[in-house]
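Visitor: For the protein sequence lines, the chains are A and B, in the order given. When we follow this note's numbering, the leftmost residue of the first sequence carries the number 66, and every step to the right adds one. When we follow this note's numbering, the leftmost residue of the second sequence carries the number 81, and every step to the right adds one.
Since the hints were made in silico from the structure, they are not lab data. Keep in mind that this is a model prediction, so the values were computed, not measured. Take these hints with a grain of salt, some might be off.
[Claimed, not checked] The list that follows gives simulated cross-link-like pairs (lysine-lysine, DSS-like), each with its CA atoms no further than 25 angstroms apart: (1) A/Lys268 / A/Lys70; (2) A/Lys130 / A/Lys73; (3) A/Lys166 / B/Lys246; (4) A/Lys216 / B/Lys246.
[Unchecked claim] Which stretches of chain B does chain A cover? Using the computed rule of at least three CB atoms under 8 angstroms from a CB of chain A, they are: (5) 242-250; (6) 266-280; (7) 324-337.
The beta carbon of each residue, even a glycine, is placed where N, CA and C say it ideally should be.
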Amino acid sequence: MSEVKIDKLCKSYGPVEVLRDIDLTVEDGSFVVLVGPSGCGKSTLLRSIAGLEPVSSGSMTIGGKTVNDLPPAQREIAMVFQSYALYPHMDVYSNMAFGLKFARTPKAEIDARVNEAARILQLEPLLKRRPRELSGGQRQRVAIGRAIVRKPQVFLFDEPLSNLDAALRINTRVEIAKLHKMLKATIVYVTHDQVEAMTLADKIVVMNKGRIEQSGEPLDLYYKPANIFVAGFIGSPAMNFLGATVKKNGAVTLVDGQELKLKTPTAAKAGQNITIGFRPEHTTLHGNKDLKFKGTVDIIERLGEMGFAHLRLSSGQTIIAEVRGDPGMDIGAATNIGLAEEHLHLFDGNGNRF
Amino acid sequence: MRKPASTFVVHVILILYTILALFPIILVIMNSFKARKAIFGSPLALPTPSTFSLIGYDKVFGDNSIVSYYINSITVTGSTIFFTLLLGAMAAWALTEYKFRWNALLTLFLAIGIMVPIRLGSVAIIQLIVQMNLINTLTALILVYTAQNLPLSIFILSEFIAQIPKDLREAARCDGLSEYNIFFFIVLPLIRPAMATVAVFTMIPVWNDLWFPLLLAPTGGKQTITLGIQQFLGQYITDWNAVLAALSTAIIPVLILYIIFSRQLIRGLTSGAVK
Numbered sequence: 066m067s068e069v070k071i072d073k074l075c076k077s078y079g080p081v082e083v084l085r086d087i088d089l090t091v092e093d094g095s096f097v098v099l100v101g102p103s104g105c106g107k108s109t110l111l112r113s114i115a116g117l118e119p120v121s122s123g124s125m126t127i128g129g130k131t132v133n134d135l136p137p138a139q140r141e142i143a144m145v146f147q148s149y150a151l152y153p154h155m156d157v158y159s160n161m162a163f164g165l166k167f168a169r170t171p172k173a174e175i176d177a178r179v180n181e182a183a184r185i186l187q188l189e190p191l192l193k194r195r196p197r198e199l200s201g202g203q204r205q206r207v208a209i210g211r212a213i214v215r216k217p218q219v220f221l222f223d224e225p226l227s228n229l230d231a232a233l234r235i236n237t238r239v240e241i242a243k244l245h246k247m248l249k250a251t252i253v254y255v256t257h258d259q260v261e262a263m264t265l266a267d268k269i270v271v272m273n274k275g276r277i278e279q280s281g282e283p284l285d286l287y288y289k290p291a292n293i294f295v296a297g298f299i300g301s302p303a304m305n306f307l308g309a310t311v312k313k314n315g316a317v318t319l320v321d322g323q324e325l326k327l328k329t330p331t332a333a334k335a336g337q338n339i340t341i342g343f344r345p346e347h348t349t350l351h352g353n354k355d356l357k358f359k360g361t362v363d364i365i366e367r368l369g370e371m372g373f374a375h376l377r378l379s380s381g382q383t384i385i386a387e388v389r390g391d392p393g394m395d396i397g398a399a400t401n402i403g404l405a406e407e408h409l410h411l412f413d414g415n416g417n418r419f
Numbered sequence: 081m082r083k084p085a086s087t088f089v090v091h092v093i094l095i096l097y098t099i100l101a102l103f104p105i106i107l108v109i110m111n112s113f114k115a116r117k118a119i120f121g122s123p124l125a126l127p128t129p130s131t132f133s134l135i136g137y138d139k140v141f142g143d144n145s146i147v148s149y150y151i152n153s154i155t156v157t158g159s160t161i162f163f164t165l166l167l168g169a170m171a172a173w174a175l176t177e178y179k180f181r182w183n184a185l186l187t188l189f190l191a192i193g194i195m196v197p198i199r200l201g202s203v204a205i206i207q208l209i210v211q212m213n214l215i216n217t218l219t220a221l222i223l224v225y226t227a228q229n230l231p232l233s234i235f236i237l238s239e240f241i242a243q244i245p246k247d248l249r250e251a252a253r254c255d256g257l258s259e260y261n262i263f264f265f266i267v268l269p270l271i272r273p274a275m276a277t278v279a280v281f282t283m284i285p286v287w288n289d290l291w292f293p294l295l296l297a298p299t300g301g302k303q304t305i306t307l308g309i310q311q312f313l314g315q316y317i318t319d320w321n322a323v324l325a326a327l328s329t330a331i332i333p334v335l336i337l338y339i340i341f342s343r344q345l346i347r348g349l350t351s352g353a354v355k
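With the rest of the complex left out, here is chain A (with noise of 0.2 angstroms):
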């Protein structure tokens, strides 16, 4: 087993929190994704994790074993770093080998672990070569390499990927999927690309501000993101949200004095201000659905199979649409966006979902 449980963790340079209250479980074998914007703290978790970082309070285990006061070397983890961090005066061999040594691993078992790892990796070829003589992708293998062959508990990968070309990005991280597979090893895995988190992971930790704004399947975070913040930080484009004040038949105001049918939730009150919230995705062009808005056409993003339509309404805020094909609008002019009631998403006044 090797499950990282984390509880009530806290951790602040002097008076600012970085990390407030955090509560999470990897379980053993999952695939973990922390997302989050950049200063979120996701990184300082990570580092926390491994030990990089020392805590102001809360408690951590891995595989059952409070780790809180070990040094990294003894949580049995390895951490990717962004960087790669690989030495550079070592040949690839000893610089996955050079930990096992100090470990004082038997030579014929560092030699078959490190063997192991290179065919996995396919850096067989590459074994004698050092750091500088490789690209880009190769290092980031070499660095992978470097954490398989300590067999630990949970691998940590703190933005792997981010500083890989678009085409390289895409592979390694089909690599890292199957690896995760085949390893069946418990990840911890640190990005700002919501497309990484939304295809490697099995679990999603949306962070903002140092805490947890909502863990879960990928999925659910997609389609019941439990506030405003993580409905805007999952999906591409991000969603929409419009102000509206709820009315006593059950109707929505919107800021423009649009009315729209709903039924709202029970919990909302009359005159309560809340926020409607719709993907891109979910709106189709020329309104024959529940709910309508009128607008004029901004700007259209043409990415070949659709396209993005931004919208302005008459109150000012803009709307972003998704069209499939060539749409044939033309900027300025009048348009109508329908979507389908299922697919509103209502927080209330405090940002959170009804």
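Chain B: place on chain A using the hints.
Guide: Relative to chain A, chain B alone:
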């Protein structure tokens, strides 16, 4: 791309400077192979079969004490380089990597050591060495030289250590290395070029110094070669053959050390560590 004309001018200036710098050294070496009369008769002439003589070298190597002065110089210089590099790198690592209470103050204290010439403290140093019963020992010289060279070497090595990516040290910590092992197996190999630089400019003033050998180890067979040569210089008679021969041979060990260290001055050793 530079213009050929300006490249030419630069080279002419550099060649002239090289000739100027090498002239006294060549003169010393040339005259060390000549008989006494020829040294004074035609100091700028090359040795000819009629003026060629090895009498100076005979005297220098025939004198056992001169040989032991060489060994003294090599011991003092070698030990000073070793301790300066080891202690300097360790202190630089501690001052850069660890945040402790008196860190900034200690760095400042060491920086003062760069500014204040150690010779101002000569009297105090003599008293100290006498009290420690170290007068006329090589240990006295090694201690003083190491202390003299530490501040600047710490200063320079700190700069280089600060450039080692933080991720490397943390990767090593995750790999289970102790702080000592991180220092010896990660930090030291990566600052080798900087250490070679420090070694070169530690070595030359120490090898050439006359001041401290004269004060701290003037007798008892513990003289360094620069001091030892002085025995050939008299108030009334100076044995120029021996002086020139000793000076010529004194260049060799320091030249060998320089060649060793300059090979380490390879740039870009850290490239490829991080992107």
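Visitor: Against this structure, judge whether each hint is valid.
Guide: Structure-based check of each hint:
no.	hint	result
1	A/Lys268 / A/Lys70	14 angstroms, holds
2	A/Lys130 / A/Lys73	16 angstroms, holds
3	A/Lys166 / B/Lys246	22 angstroms, holds
4	A/Lys216 / B/Lys246	24 angstroms, holds
5	242-250	holds (count 4)
6	266-280	holds (count 3)
7	324-337	violated (count 0)
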